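Participant: What follows is each chain in one-letter form.
There are 2 protein chains.
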Amino acid sequence: MSSRRPSSVTIREVGPRDGFQNEPEIIPTDEKIRLINSLGRAGFKRIEVASFVRPDVLPQLADGVEVLKNIDVPGDVSLMVLIPNSKGLDNALKVREYYHEASIFVSSSETHNMKNINRTVAETMSDDKVMAKRILAEGLKLDAVIATSFGCPYEGRIPLDRVLGLAEQFAEFGATEIGFGDTTGMANPAYVADFFAAALERLPGVELTAHFHNTRGQGLANAYSALEVGVSSFGELGGCPVHAGSTGNISTEDLVSMFEEMGVDTGLDLNRVIESAREAQAFLGRKLTSHSILAGPVDWTGTLAAH
Amino acid sequence: MSSRRPSSVTIREVGPRDGFQNEPEIIPTDEKIRLINSLGRAGFKRIEVASFVRPDVLPQLADGVEVLKNIDVPGDVSLMVLIPNSKGLDNALKVREYYHEASIFVSSSETHNMKNINRTVAETMSDDKVMAKRILAEGLKLDAVIATSFGCPYEGRIPLDRVLGLAEQFAEFGATEIGFGDTTGMANPAYVADFFAAALERLPGVELTAHFHNTRGQGLANAYSALEVGVSSFGELGGCPVHAGSTGNISTEDLVSMFEEMGVDTGLDLNRVIESAREAQAFLGRKLTSHSILAGPVDWTGTLAAH
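Residue numbers (the working numbering), protein chains in the order written: chain A, 1 to 307; chain B, 1 to 307.
Hints may be right or wrong, so weigh each one.
Beta-carbon label-pair distances, calculated as ranges [to be verified]: (1) A/207 / B/126: 56 to 64 angstroms; (2) A/118 / B/294: 22 to 30 angstroms; (3) B/296 / A/278: 26 to 34 angstroms; (4) A/207 / B/296: 47 to 55 angstroms.
DMTMM-like cross-link-like pairs, simulated, lysine to aspartate or glutamate; straight-line CA separation at most 25 angstroms [to be verified]: (5) A/287 / B/23; (6) A/94 / A/66; (7) A/141 / A/194; (8) B/287 / A/23; (9) A/133 / A/90.
Keep in mind the hints are simulated off the structure, nothing from the lab.
No experiment lies behind these values; they were computed from the predicted model shown.
All C-beta atoms in this analysis are idealised placements derived from N, C-alpha and C, irrespective of residue type, glycine included.
With the rest of the complex left out, here is chain A:
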């Protein structure tokens, strides 16, 4: 069993971007900064902190530059920003010294891509190719994300070949990491196993990141399934808005709890991750759908029976 299970994983924390962008209320900038600093102390080595989307479209993230300039995380933390288009990249490059990685993206579903960014997939990939060159020319690490990789509410299951074809294009553009997003929570663990087994074979040398939502409660099952076929990079959301019944992400702390209890090293201090989640819960003024906040980690030390 589980011969391909990695002994350690990297978790890319996307809460300050993916979480806050979905909040109905705009989170105060100093609260965002405090949360990111807290995530840094918890041990995250990669944190997505801003998106260079138009502020009139997403006022929730309009303070991205101020956040970038004022956070204080350990020097080995790689800060990531999301770039929706060339105009966004223009703005991002004005503050290029404040982050280390830039993510470009597309949706594998034509309908979803059109509804999300009002362009065809081909138009998006064409722009992404130009952006990729500029990002790499700046010496930044290039990441790419493919939304609706496991299904789309408008188009159903997106053929595996189409998704992996887009991933291969991103690899040609120079992306060293490609994330596959279960944007509306339609993945199941059997499909995830088949998907990543194929992806790992077709994209050698590229870091493949799995990003699951918990819409149908299968988020951690999908993460476990991906892990078992050899995926060692996960993008999730801790200390952040996950509405019950929404298409919200897995709570990072629940993912960390599962991996650590399995003996898979995340490099994170789970108690501190939970503490970050509690802080977010406090300033959001409502309970998050995290299990670990309530149940805590399984602490075998001290109570461990002879085994």
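Given chain A, work out where chain B should sit, using these hints.
Facilitator: What follows is chain B alone, placed relative to chain A:
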């Protein structure tokens, strides 16, 4: 991959017993009957409907006989009752014609067993052996359940050998099904894989049932893990109380949703299972922590892209 994944599974619905016994309010008998009838229509072939525990200890289930006598489910549904001790069995056998299976149980943790039923594990097994004979003599199917199989909050991880040793004793008593309960939600999918791989090897010819709680959000991941090593029987709880953050069971509808989307046949009508859960939600007067009630099933038919 997944060479041991069964193509179909059986789900034993324990909601009317395990769910209602944890409700602070006593559910009216006619509501219980309506829910059980609804579960029967949804396609469940095994439903646990009563527990013969002392009514002063669990007034929530004091109406077990009335429930048994008045439910109306298809003729091929096997009704199950839980028997805590010989006195409970005396009472259960007075209405023997109203059910088909009887479950005896023990906790693999001495401390948990003592706190739960105020007896040592050895005393419990000794009484269970006597009860097993009487149950089999009545021509009933004998089931057994081992609580805290994957860990105990007082004793930590219970050694695998101790748990499987108890299971072997139950098999000797004549149990044809043995359930392993993650009573307080301490299992993780790596341990579950190792656990059931060993259990399936050591207990040939016995139906092994996995029963997980979702305390740390890992319930479906554990179910998937058990499935992948060959477990085809699951005991869960649909249309019933699962408090957020409690040690509550997985929602059956979420389990069914995952299996059906994976192509594993449950024999159930997911929409009807969700309907049962909605009915329970209505008479409980509060939202359940089911994802499927909110998100619904993934319905590929009608929107399925060329694949």
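Participant: Hint by hint, which ones does this structure get wrong, listed from lowest number up?
Facilitator: 4 and 7
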